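Keeping their order, the protein sequence lines are chains A and B. Numbers 1 to 481, taken from the working numbering, label the letters of the first sequence in order. Numbers 1 to 481, taken from the working numbering, label the letters of the second sequence in order.
Don't read these hints as lab results, they were simulated from the structure. All of these numbers come straight from a predicted model, not from anything done at the bench. Here a beta-carbon is modelled for each residue, glycine too, at the ideal position from N, C-alpha and C. Some clues are possibly wrong.
List of simulated lysine-lysine pairs, BS3-like, C-alpha gap at most 27 Å [what the hints assert, rightly or not]:
| hint | chain 1 | residue 1 | chain 2 | residue 2 |
| --- | --- | --- | --- | --- |
| 1 | A | 11 | A | 406 |
| 2 | A | 437 | A | 425 |
| 3 | B | 280 | B | 425 |
| 4 | A | 321 | B | 321 |
| 5 | A | 241 | B | 36 |
| 6 | B | 339 | A | 253 |
| 7 | B | 321 | A | 61 |
| 8 | B | 26 | A | 250 |
| 9 | B | 357 | A | 321 |
| 10 | A | 26 | B | 250 |
| 11 | A | 339 | A | 280 |
| 12 | B | 357 | B | 375 |
| 13 | A | 205 | A | 459 |
| 14 | A | 425 | A | 225 |
| 15 | B | 406 | A | 61 |
DEER-style ranges, computed between Cβ atoms [what the hints assert, rightly or not]:
| hint | chain 1 | residue 1 | chain 2 | residue 2 | range |
| --- | --- | --- | --- | --- | --- |
| 16 | A | 442 | B | 58 | 52 to 58 Å |
| 17 | B | 333 | A | 205 | 40 to 46 Å |
| 18 | B | 320 | A | 413 | 53 to 59 Å |
| 19 | A | 424 | B | 327 | 57 to 63 Å |
| 20 | A | 125 | B | 362 | 38 to 44 Å |
| 21 | B | 124 | A | 83 | 40 to 46 Å |
| 22 | A | 129 | B | 403 | 43 to 49 Å |
| 23 | B | 17 | A | 83 | 39 to 45 Å |
| 24 | A | 423 | B | 323 | 55 to 61 Å |
| 25 | A | 391 | B | 58 | 24 to 30 Å |
| 26 | A | 395 | B | 383 | 39 to 45 Å |
Covered stretches of chain A, going by a simulated chain B footprint (3 or more residues, C-beta under 8 Å) [unchecked claim]:
| hint | stretch |
| --- | --- |
| 27 | 65 to 74 |
| 28 | 91 to 102 |
2 protein chains.
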Amino acid sequence: MSRKDLGVSVKRSEDFSEWYTQVVLKAELADYAAAKGFIALRPFGYAIWEQIRQVLDDGFKATGHVNAYFPTLIPETLLRREAEHFEGFTPEVFWVTHAGNNELSERLVVRPTSETIIYDFYARWVRSWRDLPVLINLWNSVLRAEIKSTKPFLRTSEFLWQEGHTVHATKEEADEEVMRILEIYRKLIEEHLAIPALRGTKSEKEKFVGALYTTTLESMMPDGKALQMGTSHNLGQNFSKPFEIKFLGKDEKQHFAWQTSWGVSWRLIGALIMMHGDDKGLVLPPRVAPIQVVFVPVYYKDDARSMVMQKIKEGAERLRKNGCRVHVDDREEYTPGWKYNEWELKGVPLRIEVGPKDLEKDQFMLVRRDNGERKSVSSRGLEDEVKSVLDGIQSALFEKSSISLKQMTSNASSMDELTKIIEQKGGFVKAQWCGNKDCEEKVKANTGADIRLIPFDAKGSGSCTVCGNPASATVFLARAY
Amino acid sequence: MSRKDLGVSVKRSEDFSEWYTQVVLKAELADYAAAKGFIALRPFGYAIWEQIRQVLDDGFKATGHVNAYFPTLIPETLLRREAEHFEGFTPEVFWVTHAGNNELSERLVVRPTSETIIYDFYARWVRSWRDLPVLINLWNSVLRAEIKSTKPFLRTSEFLWQEGHTVHATKEEADEEVMRILEIYRKLIEEHLAIPALRGTKSEKEKFVGALYTTTLESMMPDGKALQMGTSHNLGQNFSKPFEIKFLGKDEKQHFAWQTSWGVSWRLIGALIMMHGDDKGLVLPPRVAPIQVVFVPVYYKDDARSMVMQKIKEGAERLRKNGCRVHVDDREEYTPGWKYNEWELKGVPLRIEVGPKDLEKDQFMLVRRDNGERKSVSSRGLEDEVKSVLDGIQSALFEKSSISLKQMTSNASSMDELTKIIEQKGGFVKAQWCGNKDCEEKVKANTGADIRLIPFDAKGSGSCTVCGNPASATVFLARAY
Chain A
1 MSRKDLGVSV KRSEDFSEWY TQVVLKAELA DYAAAKGFIA LRPFGYAIWE
51 QIRQVLDDGF KATGHVNAYF PTLIPETLLR REAEHFEGFT PEVFWVTHAG
101 NNELSERLVV RPTSETIIYD FYARWVRSWR DLPVLINLWN SVLRAEIKST
151 KPFLRTSEFL WQEGHTVHAT KEEADEEVMR ILEIYRKLIE EHLAIPALRG
201 TKSEKEKFVG ALYTTTLESM MPDGKALQMG TSHNLGQNFS KPFEIKFLGK
251 DEKQHFAWQT SWGVSWRLIG ALIMMHGDDK GLVLPPRVAP IQVVFVPVYY
301 KDDARSMVMQ KIKEGAERLR KNGCRVHVDD REEYTPGWKY NEWELKGVPL
351 RIEVGPKDLE KDQFMLVRRD NGERKSVSSR GLEDEVKSVL DGIQSALFEK
401 SSISLKQMTS NASSMDELTK IIEQKGGFVK AQWCGNKDCE EKVKANTGAD
451 IRLIPFDAKG SGSCTVCGNP ASATVFLARA Y
Chain B
1 MSRKDLGVSV KRSEDFSEWY TQVVLKAELA DYAAAKGFIA LRPFGYAIWE
51 QIRQVLDDGF KATGHVNAYF PTLIPETLLR REAEHFEGFT PEVFWVTHAG
101 NNELSERLVV RPTSETIIYD FYARWVRSWR DLPVLINLWN SVLRAEIKST
151 KPFLRTSEFL WQEGHTVHAT KEEADEEVMR ILEIYRKLIE EHLAIPALRG
201 TKSEKEKFVG ALYTTTLESM MPDGKALQMG TSHNLGQNFS KPFEIKFLGK
251 DEKQHFAWQT SWGVSWRLIG ALIMMHGDDK GLVLPPRVAP IQVVFVPVYY
301 KDDARSMVMQ KIKEGAERLR KNGCRVHVDD REEYTPGWKY NEWELKGVPL
351 RIEVGPKDLE KDQFMLVRRD NGERKSVSSR GLEDEVKSVL DGIQSALFEK
401 SSISLKQMTS NASSMDELTK IIEQKGGFVK AQWCGNKDCE EKVKANTGAD
451 IRLIPFDAKG SGSCTVCGNP ASATVFLARA Y
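Bound conformation, chain A alone (with noise of 0.2 Å):
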């Protein structure tokens, strides 16, 4: 394969559907099924997948949330139990209907969602106030058909997840733990991801089937487009009526229980691409990074090569034992430079250089993969430096993209205003709404852009943009992935 076939051979200015799917091929994040809208999530991909879950396995696991797995095929009859869920998931579900040569007496879904087969067990396990609350989390994939298109990371008639399920005595325990995941996630997309999210709930139209409340966490993409990071929903008693979960409460009484579920994807990882990425590929920030440190040797002599491999040797090593994920690339098979693009691709955070000029000096040579800085390092100051830098990386990544944000975002006055930024420049238009479903319909057929989101703390004021009655709510509106 020639260099060229290896980069991305298209700007992301000038194309940004066909960039980021070369980002994701090239740089082997992942790759397309012979299945309609399948994809399989590629080692480096899933390196960087394995680094998110850790991050929300850790906070799940010290706010006392444990693991578990639920089947993945749910019986049609489960499914139907809750009916708006039902009405909304069924146009996208895989039936199976045979086992071996035998046709099935009940048809089984493959899980869109977990909702009905987990609360039919969680009936049988809650039974009185000591079992609350169940604090349970998965780790799994779910399966939705998808007609369209098929996109990486972004619209895939599978992806892995985690889904978490929590029951309540009370709805202001319920509240709380919305908002305690909500807190979880936004400390991922933001300190770890390093993209700005706007907080709030979603509207009556765009809330989870099912569930009393939807609160979402949104991002603006340099195309213009909103990308929903994460969801975290208040269910009500919407299904432990129908599940008959109830629970024997301290006044010896039966009640219905309080439930939530929440979830985030692998669409992360298409966050991060979009966000971050260049013409050369993707830049990770380094928090996330499977490799935050590759370190490439540099000789044209051959007798140079042991004493280049030696220092490359005890560097790694001391980063390492500082708790740095490095990586050491000794093929010989592949010259520098081949190299140097090949990280890049990969958004390797940070490349160390060592050739015979820098084992002179006794240095190490870093190179930025955000910014391209290069800066010649004393061997002594090694792990403070690449600490430093490492960070720094970590700030100018979500700096730069919270002033994207900043730049994205617009106000409108007038539907006339709001459709001419949809249109022309896209990102967040902040708007006054009536709560009215028809003028959020109106929006959406004009412009296609949706209620992204109502922030939690702005109320309305003034009139609503659509249609000049007063408003009751603040609202972002943006056309979205």
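Starting from the known structure of chain A, fit chain B onto it as the hints suggest.
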């Protein structure tokens, strides 16, 4: 629920099968789903699986393996590509025929194992010797319709497992990989699960469908039935040919690759239960116990509470710092006696009681789960004593199960003797075999026993135990799960 309902109500020696099921359900390891053959892995069971997974994942990564994820659904044409493989799995696969209301143009199977979907990708990913070896592992679940009765962890229509799939340039490298993995499995099984395992190859009849040969680890359960703990297959070029996994060698010629696949599943949790459990419930080896030490406060007057809890808090903190997995059971709605029963049922290796007398004497009271031994330890010596007791439990369990394996292994020099042992005593029977499938099938028909393995280090000697012709191999026969 009364204490009687909470505990296991049948003796292990009286009804092993019922005892097993009660331990699974009452220790809250798993529960039956509405759909036939499926179970949920409950949080306590999942926590054991997380321990097992960590040991293996560390072992795989230390030997250069990486994780990835491949689709759940496999197009029928792919599954059909290797004929033997298809024939072997098709009677038990779940078929997806519809997405939403639309019939699919090609049926999909829910993966019963992932060879065929993965190798379709490998055909594209492997081009040159530079791309080899490919060392990929998956953590997922697979589905095989279980028509016989369900037995949690041992016979279920879906199970969690890992499956490794590697590609190599030569048969020798594939051979080495097969053995490298078998050793990782052996370490897990013997050194962490405290269960001795015999190692060897499977007969042609018993090997994985589509493999060149299968290596296996087999353990003996206390009821005299063998359990296959893990298998590691050399697939030869049996898949690389139909899937066209070829590479350009250093010799500039195209070669078909050599492959391996290997896996262990959550049946290892079943093995743990059967091997170490007793009439009170589960007994977990410390190395894989999610909770190694549980503190139970013991006081009758409320004024002792705060001092007891203070001492427990300090003890727990010290043990955690020492790398111990510790739980403090501070629930006020249960008595100490209730708690003892619950944690014994759940197999926690070591209980530490703290009451007013222990405050007085500045000591902790240690109670071993495996033999009930009580021992006080001065506060100062807590860490050392706990470490030494946990190590002692780990060794004692392995020693006990090693003695059991020895007692359950017999020699047979005639077909009559073989039949008698299998029918009256069970366990492994060491015998001589001519290598003829007819003899293998005759034993199976007469006794229900299979050739579980052909040990690596034992050649045949004398005459076949079944037909009397010259023996070519020593074999271990047993009835099995």
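Against the structure, the hints:
1. A:11 / A:406: holds, 24 Å
2. A:437 / A:425: holds, 25 Å
3. B:280 / B:425: holds, 25 Å
4. A:321 / B:321: Given that 27 Å is the threshold and the Cα spacing comes to 19 Å, the pair holds.
5. A:241 / B:36: holds, 25 Å
6. B:339 / A:253: Answer holds: residue 339 (chain B) to residue 253 (chain A) is near 26 Å, not above 27 Å.
7. B:321 / A:61: holds, 18 Å
8. B:26 / A:250: holds, 24 Å
9. B:357 / A:321: Answer violated: residue 357 (chain B) to residue 321 (chain A) is near 45 Å, above 27 Å.
10. A:26 / B:250: holds, 24 Å
11. A:339 / A:280: holds, 13 Å
12. B:357 / B:375: holds, 14 Å
13. A:205 / A:459: holds, 19 Å
14. A:425 / A:225: Judged against 27 Å, a Cα distance of about 10 Å means the pair holds.
15. B:406 / A:61: The hint is violated at about 42 Å.
16. A:442 / B:58: 52 to 58 Å: holds, 57 Å
17. B:333 / A:205: 40 to 46 Å: holds, 44 Å
18. B:320 / A:413: 53 to 59 Å: holds, 57 Å
19. A:424 / B:327: 57 to 63 Å: This hint holds: roughly 59 Å between Cβ atoms.
20. A:125 / B:362: 38 to 44 Å: Given range 38 to 44 Å: holds, Cβ gap about 41 Å.
21. B:124 / A:83: 40 to 46 Å: Since residue 124 (chain B) and residue 83 (chain A) have Cβ atoms about 44 Å apart, the given range 40 to 46 Å holds.
22. A:129 / B:403: 43 to 49 Å: Given range 43 to 49 Å: holds, Cβ gap about 47 Å.
23. B:17 / A:83: 39 to 45 Å: holds, 41 Å
24. A:423 / B:323: 55 to 61 Å: With a Cβ separation near 59 Å, residue 423 (chain A) and residue 323 (chain B) satisfy 55 to 61 Å, so the hint holds.
25. A:391 / B:58: 24 to 30 Å: holds, 28 Å
26. A:395 / B:383: 39 to 45 Å: holds, 40 Å
27. 65 to 74: Since 9 is at least three, the answer is holds.
28. 91 to 102: With 11 residues in contact (Cβ-Cβ under 8 Å with chain B), the coverage given for the stretch 91 to 102 of chain A holds.
The structure fails to meet hints 9, 15 from the earlier list, while all remaining hints are met.
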